[in-house]
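Add chains R and A with the ligands to chain V, keeping to what the hints say.
Chains as they are written, first to last, in the numbering used here: chain V, 352 to 780; chain R, 1396 to 1567; chain A, 3 to 908.
Heads up, none of these hints are tricks.
Computed cross-link-like contacts, BS3-like style, restricted to lysine-lysine with a CA-CA straight-line distance of at most 27 Å:
{"#": "1", "chain 1": "V", "residue 1": "Lys538", "chain 2": "V", "residue 2": "Lys483"}
{"#": "2", "chain 1": "V", "residue 1": "Lys545", "chain 2": "A", "residue 2": "Lys7"}
{"#": "3", "chain 1": "V", "residue 1": "Lys759", "chain 2": "V", "residue 2": "Lys633"}
{"#": "4", "chain 1": "V", "residue 1": "Lys496", "chain 2": "V", "residue 2": "Lys483"}
{"#": "5", "chain 1": "A", "residue 1": "Lys135", "chain 2": "V", "residue 2": "Lys538"}
{"#": "6", "chain 1": "V", "residue 1": "Lys399", "chain 2": "V", "residue 2": "Lys545"}
These are computed hints drawn from the structure, not numbers from a lab.
Listed below are the residues making up each chain.
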Amino acid sequence: MSELPLTRNVRPDRSPTDLAAYEANGGYQGLRRAMAGMSPADCLEVVKDSNLRGRGGAGFPTGMKWSFVPMENVSPGHKYLICNADEMEPGTFKDRMLLECDPHQLIEGMILAAYTIGADVAYIFIRAEYLKAARLLREAIAEAKIRNYLGHDILGSGYSLAMHVHASAGRYICGEETALISSLEGKRANPRAKPPFPQVSGLWGRPTIVNNVETLCNIPHIIERGPEWFASLGRGDDAGTKLFGVSGRVNNPGCWEMPMGTTIREILEDKAGGMVAGYGLKGFLPGGGSTDFLVEEHLDLPMEYETIGKAGSRMGTGTMIVLDDKTCPVGFVKNLIEFFAQESCGFCTPCRDGLPWNAQVLDDIEEGRGTPEDLDTLEQHISYIGAIGNTHCALAPGAMEPLQSALKYFREDFQRHIDGGACPYREAH
Amino acid sequence: MSEQIHSLPADAMVLSDAEIAEIDAEIAHAPYRAAVAIDALKIIQAHRRWVSDECLEALAAYLEMPPAELEGIATFYNLIFRRPVGENVILVCNSVTCWIKGCEGIGAAVSQHLGIEPGETTADGRFTLLPITCLGACDRAPVMMVGEQKFEDVTVERIPAILDHGEGATPG
Amino acid sequence: MPVIKVDGKDYEVAEGGNLLESCLGLGLDLPYFCWHPAMGSIGACRQCAVVQYQNEEDTRGRIVMACMTPVTDGAIFDLSGERASGFRQTVVESLMVDHPHDCPVCAEGGECHLQDMTVMTGHRDRHYRGTKKTYRNQYLGPLIHHEMNRCITCYRCTRFYRDYAGGTDLAALAAHDHVYFGRHREGTLESPFAGNLVEVCPTGVFTDKSLVHDYTRKWDLQSAPSVCTSCGVGCNTLPGERYGRLKRIHNRYNPAVNGYFLCDRGRFGGTHVNAESRIDFPAQRDSEGRFQALTDEACARALRDRLQGKRLAGIGSPRAGAEANLLLQRLVGAENYASGMADDEHALMQRALAHLVNSTAHNPSLREIESADAVLLLGEDLTHTAARTALALRQAVRNEAHRLAEELRLAPWQDAAIRNLAQDRRSPLHVVCAGSTDLDDIAAGHYRLVAADQARLASDIAAIIRGEARSDGAAARIAADLLAAERPLVLSGPGAGSAALLDGAAAIAEALVAAGKAAMLSFTAAECNSMGQALLCRDSHIALAALASTDAEVLIILENDLLRRLPMASVEALRARIPTWIGIDCLENDTLARCDLVLPAAAFTETEATYINQEGRAQRAFPTHPPAEARRPAWRWLLDLARAAGDRTLSGIGHFDDIGVTLAGEDPLLQGIASAAPDHSFRSRGLKIPRQPHRYSGRTAMRADVSVHEPRQTDDADSALAFSMEGSATTDRPGALLSYVWSPGWNSNQSLHKFQSEIGGALRGEGSGLRLLDSLAVAAATPAPLPEAFSRREQEWLLQARHHLFGSDELSRLGSGIEALTGRAAIYLHPEDASRLGLEAGDGAVIAGAALEVRLDPSQVPGSAGFSTGYPETLALRSGEWVNIDVASDWQRQPELIGSDRGAAS
Ligand SMILES: Cc1cc2nc3c(=O)[nH]c(=O)nc-3n(C[C@H](O)[C@H](O)[C@H](O)COP(=O)(O)O)c2cc1C
Ligand code: SF4
Ligand code: FES
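One chain only, chain V, in its complex shape (with noise of 0.2 Å):
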């Protein structure tokens, strides 16, 4: 099997990893490598050479995302690094694994971060229920200050950083990067238009890199072991391993590490056992609450940005919700509309007022009192909710997303409701 660098130290029982544990497997040996010669330009050209893509839902290259931070002719003033352990959508569970089994190894991977855009300030922001994962960082935060790896002058070289863990009040929104900014500065999560960017004008007006848990975590490993050998964790195009997860109605639930480029078969039969007996497979949001069904078909798909892409789907954040046969397809959708409608920040028009709508067209049509043009109405929400930039934020895209693709894949299940006036799903159970 190849190697799995990001849950090395997590442990079958989940306990969770101590600085002495993470030292003695090799802990923060790329944090020395980087402090004990490499320039934050040293570091900026692995990362962008790794061909890391942020593992918080876009994707977005992180090297390239680091490299808008302005290194020169800014103006004096903090810069800040932005840990996001919010990890809120339905149906994902990855981070909470990270944070749980081995915070050091995100401690390093900011420290790295932040050395490598010239932060002095981090903050982990994590979400409110998370208060295991919260007490460890806030421990291994205080271990690693003591081992100097935080701090002032960190071992020795001159750079100092102070890192923060800051809890949520609870909202969804709190995820999106802009929004989590305004949370930070202590005020509504309203997210923010860009540009201008987070990198040029983010917390405080500073310049700002927000960054997903399991993205940090990547960043020891590939300043310790360079970025071929990151590149040749994958297996397929895109670079390193990914952390999948499978909820539902299968066998053996769960989250793991394996190379990018897996196919989705394995990930579903080998890793999570299967659907459970007497249960079909119905279909399979990839990467989280705001991705687009997949179906049977795409089963032997690897799971890597393009191809999921293409096939009209996200990767997202790598963990799958699974449907089955027995569950009403309506009724899975709605529950996510309903989700993203109370989760709306309020600011804009087409997700404050629009979701809610589509929430009661679809608890009509569940609930057997849908029309024809109940459909109708779903079709132009889509159109009218469902692209980026028809928003303020991707909160409400995303909402659309299941939405759309379950009008795709599962169309007559929504007819069947409308024409028998009843869930056909309610007498199946």
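Then chains R and A with the ligands, alone, in the frame of chain V:
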């Protein structure tokens, strides 16, 4: 609560020494006082379970920010409670995987066991039941939290044991 | 200039703008909600969507928000195609999902931007089947009514209230489709600019409470271009009238002055014209001292009897128009004419005028004040003496943000982005005042000094800038900030009562110019025509104090309550000295009560007049409606007086414009006043300009309870406006004749862009008043001696006036709703001083016979006492006097009402 309560005449300062100390620790690394608004609301809530009007106004004064703005922040976030809650807040995940795995039944079972609807608090003040979005443990759905404890692979049958004895808890 | 393609047609547009403002500027109808010309773009409502194509080959294009899209050369847009208009239609339909169908009972109906946009997008049929949400409304005070169900969540209210005007007690609460705009608990909105919410809100969430309670639709309002008479800034207004009552005041756009916004004194104070104490008929005091109404004939006779062959003296008024004052001055002779300001204020205004005219620093318009990149404010609590200027300073401090934005090449309309970038970085504003001010929240520094020390500080700053002195204190910090700026502004005024302070302000500005800065110097003026009076009396005038030794037999008092200008004893002495007093005014007051003959003046909404604001800008106001009963414009009464007195020159004057023709001669001041607006012969496309919109209804029935015969509409021979709906209301009519803003499909005030040559720019018909000071010569002021530094006394307190937006002004304090906000006149003490005196907050204190409520203010300079100036109780108190303070016996404390009580009470 044994903490000493400040009573400054000007701002009706109702925050306790312990709360002030924790808030000050946050302020120490913030660029301005109001920047810690969310942390401070959570600190107050950790001490008192919820944020009363009186606390909100006192906190606004302490953070040198308008109470309306602090209210805008407090009411934006799901987990800042502006009404009293019980000793233990029960959060039952109602997002998609838990829904597939029957969270509606779990919620109903909690309701029935405690005799309260979602949003309500038991008469003895021990429990408040709230729905919550995905708790990030979908591989162990259905999931719920009681206070700081997390419960995974919950079944309707386990509800009494969970609520009465915290059986099967893992840290949140 | 970039060329963009919209719907297949090429248009040249202004550089640096966004597509929405470019489209509106081109006359294309594109709906929007959250964008506001003065507040920029945030992209919240998504209503202004269009399709943008990458290039000619691109056939798919993508939806973009016009308000967030910069216009770049060659950009291609589809505005009216199916995709763009379909998107916009769905946006409106989403907004209407929860919007009540209460237009018939909504105060906004008929001038509702939401109605207009709904019609414009073509949304008609409702598809949503769910129920509508309902909200609980809040009591927001006596001025503004709250109806949250109508909210469409465009965020304009909080963006104006908080971001633009610095208010702190209105916020967006809750999230998703529960967002609620309100206070954290019920109570009066605290911002002095809250009234703008009425116009900023695109629907009926925030409405004018006095209008709601005395309601008329916009299309049934008669209105005319007017000028606010509540302070010296001279904001342009549009009063609306029906049934002879002033129903409301809206902003009238003037790009150089008030732009889009008014203060609440101006917006709500005007309804004093509806007061019970209005005078309707001329009256003469009978032998028993009672007033008896006079018929027209009897009045004419009485005037002849009293005036013929008599020696006359006159007291003018800084709250009356220039023409009436001019007529009075000519009638009695300049040497027998007093400006009507208190003598000390008159001297200060003369000094301010002399400085403005002679300084090499620029005397800025309000718009130019917004461009200052460093400000020194000397001696004025500006929010209370010239509120609209304070709002301008709130924009000026944002110039640092705009500078930062420029570094990142962010367009100035990128409002949220710029605020996020700049956070609390501001251009420096230094406030020097006797106590705390309502601009302290944005001040880089505030310095609490009594007037004498303010003047000394100003003198130090000037010396440092000139390089003649050094210090490492406040003066040096302020000087450094001013010197670091490109367009520093020094702003002062008569509020502190110090001549040396005005000299200091002028000296600083002069020194800044010498240091190569594009420095600006500005002074406030207390009343709407204070500067006009300073100008009119620039060569010759008699002091009020000197009147007591004239040999005049008749004193004519124009719109002036002398008790506000003179100590009671002086008024009594004057009364004893001059046998006949004739008073012209609109509301009962203690001066009229002392007159022998009282003439009922038209109020500011009933007369034509030119007012000269603090900048020296002459602006013409027109009557909104003809005066009722026997009320007549003051200038008409004065012509009658002239006729009665046998004045040949003045007797020849027939109508308003003749005043200028007859009297202006070679005087550039009078020529300027006369040409402040087009004269009565002006015609638009051959027609007069209507005051009533074309939908004005019920004209035949309005007075049916009195008579079923429709009266003939009053002719307006004095102006180019007509008291009717007939005429030509083109969008390019002169700005000075903008009687209402309306354009097909744009029933709300948002139609304004149809009248502008570019968004936020000049009006298509030009005309924003006439600046007079640039072309006048006035003798330089002799420097005032620098006062001694303040040192406190053991048993006496130095009085320092405090101005209150609601209360200090004579007439606006009677506006409906405002009476409830003036509160009691107060004395402000440093807490330690108060405890020395044995006083607590809310107690009563007696000063020079007046019982005042004690308020504690740590910012009050110890040894000094602030007092609410302009209140009936405090007319005897003068800034700069030393007084004793005693505890008031049998003082009733004010009970504190909680919000819901007040709600119930209103
Ligand atoms: C509504 C919404 C929620 C998001 N939530 C998260 C989240 O919880 N965690 C995360 O890492 N990224 C989340 N993102 C993506 C972030 O905006 C951002 O792209 C990401 O943190 C960047 O990190 P990466 O470049 O390392 O992927 C969310 C985006 C949207 C639109
Ligand atoms: S957000 Fe834009 S999109 Fe909306 S009006 Fe407001 S103006 Fe436009
Ligand atoms: S999620 Fe709030 S506007 Fe997009």
